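2 protein chains.
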Amino acid sequence: MHLVIIGGVAAGTKAAARARRVNRKLAITLFQDETEVSYTACGQPYYLSRVVPTREALVIRKASDFKADHIDIKLRHRVMELDTRRCTVQVHNLENNAMQTVPYDRLIIATGARAIVPAIPGINLDGVVTLRSMAELDRFRSALDRLLPQCAVIVGSGYIGLEVAESLVNLGIKTTLLSRNQQVFSRLDPEMSQHLHEYLLTKNVQVLINEKLAEIKGHWGKVTSITTAKGAKLATDLVVLAIGAKPNAELADQAGIQLGMSGAIAVNNRMETNIEGVFAAGDCVECYHRLTQKPVWNPLGDIANLQGRIAGENAAGGNATFPGVYGTAIFKTFDLNIGLTGLTETAARQAGFDPISTVITARDKARYYPGAKELTLKLVAEVQSGRMLGAQAIGPGAVDKMVDIMATALLGNLSCRDLENADLAYAPPFSPVLSPIIIAASNLSKLLTG
Amino acid sequence: MHLVIIGGVAAGTKAAARARRVNRKLAITLFQDETEVSYTACGQPYYLSRVVPTREALVIRKASDFKADHIDIKLRHRVMELDTRRCTVQVHNLENNAMQTVPYDRLIIATGARAIVPAIPGINLDGVVTLRSMAELDRFRSALDRLLPQCAVIVGSGYIGLEVAESLVNLGIKTTLLSRNQQVFSRLDPEMSQHLHEYLLTKNVQVLINEKLAEIKGHWGKVTSITTAKGAKLATDLVVLAIGAKPNAELADQAGIQLGMSGAIAVNNRMETNIEGVFAAGDCVECYHRLTQKPVWNPLGDIANLQGRIAGENAAGGNATFPGVYGTAIFKTFDLNIGLTGLTETAARQAGFDPISTVITARDKARYYPGAKELTLKLVAEVQSGRMLGAQAIGPGAVDKMVDIMATALLGNLSCRDLENADLAYAPPFSPVLSPIIIAASNLSKLLTG
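For the protein sequence lines, the chains are A and B, in the order given. Letter 407 of the first sequence, counting from 1, is numbered 407 in the working numbering, and no numbers are missing. Letter 423 of the second sequence, counting from 1, is numbered 1423 in the working numbering, and no numbers are missing.
It should be emphasised that the hints constitute simulated quantities derived from the structure, not laboratory data. Predicted model, so just to flag it, every value in this text is computed and none were measured. Treat the hints with caution; some may be incorrect.
[Stated by the list, open to error] As a list, the in silico DSSO-like pairs of lysine-lysine whose alpha-carbon atoms are at most 27 Å apart:
1. A:Lys-365 to B:Lys-1217
2. A:Lys-446 to B:Lys-1025
3. A:Lys-373 to B:Lys-1365
4. B:Lys-1062 to A:Lys-373
5. B:Lys-1062 to A:Lys-365
6. B:Lys-1373 to A:Lys-62
7. B:Lys-1446 to A:Lys-67
[Stated by the list, open to error] Stretches of chain B that chain A covers, calculated by requiring three or more beta carbons in the stretch to come under 8 Å of a beta carbon on chain A:
8. 1328-1342
9. 1368-1382
10. 1412-1421
Heads up, the beta-carbon is just placed ideally off N, CA and C, and yes, glycines get one too.
Isolated chain A, as found in the complex (with noise of 0.2 Å):
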């Protein structure tokens, strides 16, 4: 019995060490297109600002640690095709360019995603860079390094791009965000993204909202300028696309297994595919969005640690199943946590529910311990039942705990009558006497008409 996985980033190499343990008699063979396995996406704007010191502390397990499991990986090897009938792969040894057909009983498909790069005039320009893999990674650096900018635009303003605008800022360069929506992070409802917005210009990140780059100029081969849409030039060393990613699924598709609204593959929630022993996790697939009950594509390294589990799990002969997401996620920029679990009042009107909504800003502390922080939180109901929708917290304060609270609340269908005599832990260096989560489920509950 031969389990074959495609990728080795979190989902690829969780699955192949969740097979591992389920079934010890599995041969497993993990094929990955990189030089490494198994690291961090999302440690790597530290890594640039140097808040982590060493490239090494973003590498989790090498290669040669899944040896004492008998997972065999095989690096720069790249897979061409997949023949789901006769459950072959074509495998290219990008070292030394040969090929080879290999046979798998079980399938493990976790190719990622990818950066999206537009194409337009400039692009290729020494300066232009991108994050998600380590040669991406490595090639932001040595911008940073060899070019040593002075300024930099990040075109895209979701959590990549205002991460790296902290690193950025303190590496001392002058930095300009753009964003192609009316705000920065569209994902929060308008009037918490505001806070986010301004907090920004506090750094001294310059913003443009509704704006989106057409060109970009160079000169000897390195970027020295953009063009916006709109028109508007400004000189810069660096351009940061941010702009988002797409699935890896062009491997899937091209074998006739079964892509979703989103584009990513489409699993059931066993993370199988269309295609029986073909499992896929990880970012190139769609989940189930538990408040939606619809699918979504909700590329997160931790989801895809989760999903890895779960194929790993049932191609190796066990049966678990993968819930769904709430969309939860977290990101900090400067001093700033911005977080959001469930659905926002814009989502939650355009999913069909009628939702009440609270905004409220209080401290993480007691009022008069030292290093009480702020944060504000938003809240959003169901009108009638009052069951918990979704919840956004923002600013220095514990937004992580906030956020969990509600991540569980979800999990747990309460309502804010529920939660306004939730017993959480209150001392005065943790803690106001009441939660914020209790103060804003109260707020909620005098809305109801249920």
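Starting from the known structure of chain A, arrange chain B on it as the hints suggest.
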């Protein structure tokens, strides 16, 4: 319509404020035998250690702050007797010694609790202190300032004893802690408590277990030593009694109001006593434990606030219910955070559950992110259903977040299978890629028999 409230710390003042919000016409009188209302007892250890620099910071609202809400606060007025048939209270004005009979239509008893002071020789010596009311705090602070103690014995290893241990050591006082039990902080399971014990030793706190205070000796009216029940003699300048507290329920008892098994006032989920129109809230009442489904005495500031709100609402004509508690608690001693929610393994077994448990040690951020701190987490679940029963966490890491996630999980009746795929917030500065909660829940899932 006249609402009388007896007691004005947490529950009493919260009840008054809520009653006013619900009913603008109600006459509200609050009798408080102390010179201040609405102070935080929980913050007192930090005033002793000068982490909180001013005494005023501990007073949340002054009596005069309630005037705008037309809440008549009578300071230094002690209610001596309560007649529930005539609906009157007998009040002693401690300033001028006058007695007064005051009629009420609705009554809220919020008389709180008091520190236990054992009747042993030497208990009245200068340098023997307790902590709860502001008067006790002043006496404690005065003892520190006047006696300049070099050594202290703290009797009791509950959270107050452990918080005060930090305060005293930070003031340069050589501190010994006496625990009457086999372990410090007896609510924890033994292996969790062991971490606390060993940590205290690293902070040069001497810990004597299985020891009770037998006698206090003095010279010229001041403490000089103590003798333990086993006969050990310890020279000391200061004795802190932190043995525990008991509810101030005598007034209610004498009026024929029913007490519960714990000796605290029995109330229903509307915070109403057995006498119609008489409510009680805060440290003087018993509450319902939502896991054991039995009454429990759980005197904590946050619960007092929640209950005060319910009692105030109902006394003013509303209809709110308090669903009960999970026994959530948290405190810190030095840089060690200790928290729990629900049942320990020991308590679960005593309550008739068949528990399974797991203990893990994890970091609270990504391994490579600076400032990641450790915590040890114990989760307890039912062996058949996997339903979560409780959590304990200890360490320098984000214990408060772990406890709050689990308190919310208990509120949602979640099982370990729910939690092992929880969509919690991950980014390197906030969490490892899989939360300790997910890792521990996954361990538990493997132990299930159901």
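Do the hints match the structure? See the list:
A hinted pair counts as satisfied when its Cα atoms are at most 27 Å apart, and Lys-365 (chain A) with Lys-1217 (chain B) does not qualify at roughly 40 Å. Restraint check for Lys-446 (chain A) and Lys-1025 (chain B): satisfied, since their Cα atoms lie roughly 20 Å apart, inside the 27 Å limit. The straight-line distance between the Cα atoms of Lys-373 (chain A) and Lys-1365 (chain B) is roughly 19 Å, inside the 27 Å bound, and the hint therefore holds. With a CA separation close to 24 Å, the supplied pair Lys-1062 (chain B) and Lys-373 (chain A) stays within the 27 Å bound.
A distance of roughly 21 Å separates the Cα atoms of Lys-1062 (chain B) and Lys-365 (chain A); the hinted pair therefore holds under the 27 Å criterion. Of the pairs offered as hints, the one joining Lys-1373 (chain B) and Lys-62 (chain A) holds, with about 24 Å between alpha carbons and a cut-off of 27 Å not exceeded. The suggested pairing of Lys-1446 (chain B) with Lys-67 (chain A) holds, with an alpha-carbon distance near 25 Å, which does not exceed 27 Å. As drawn, the stretch 1328-1342 of chain B meets chain A at 8 residues by the rule of a beta-carbon pair under 8 Å; at three or more, the given contact holds.
Coverage of a stretch by a chain is defined here by at least three residues with a beta carbon nearer than 8 Å to that chain's beta carbons; for the stretch 1368-1382 of chain B and chain A the count is 3, and the condition holds. Counting residues of the stretch 1412-1421 of chain B whose C-beta sits closer than 8 Å to any C-beta of chain A gives 6, which meets the bar of three, so the coverage hint holds.
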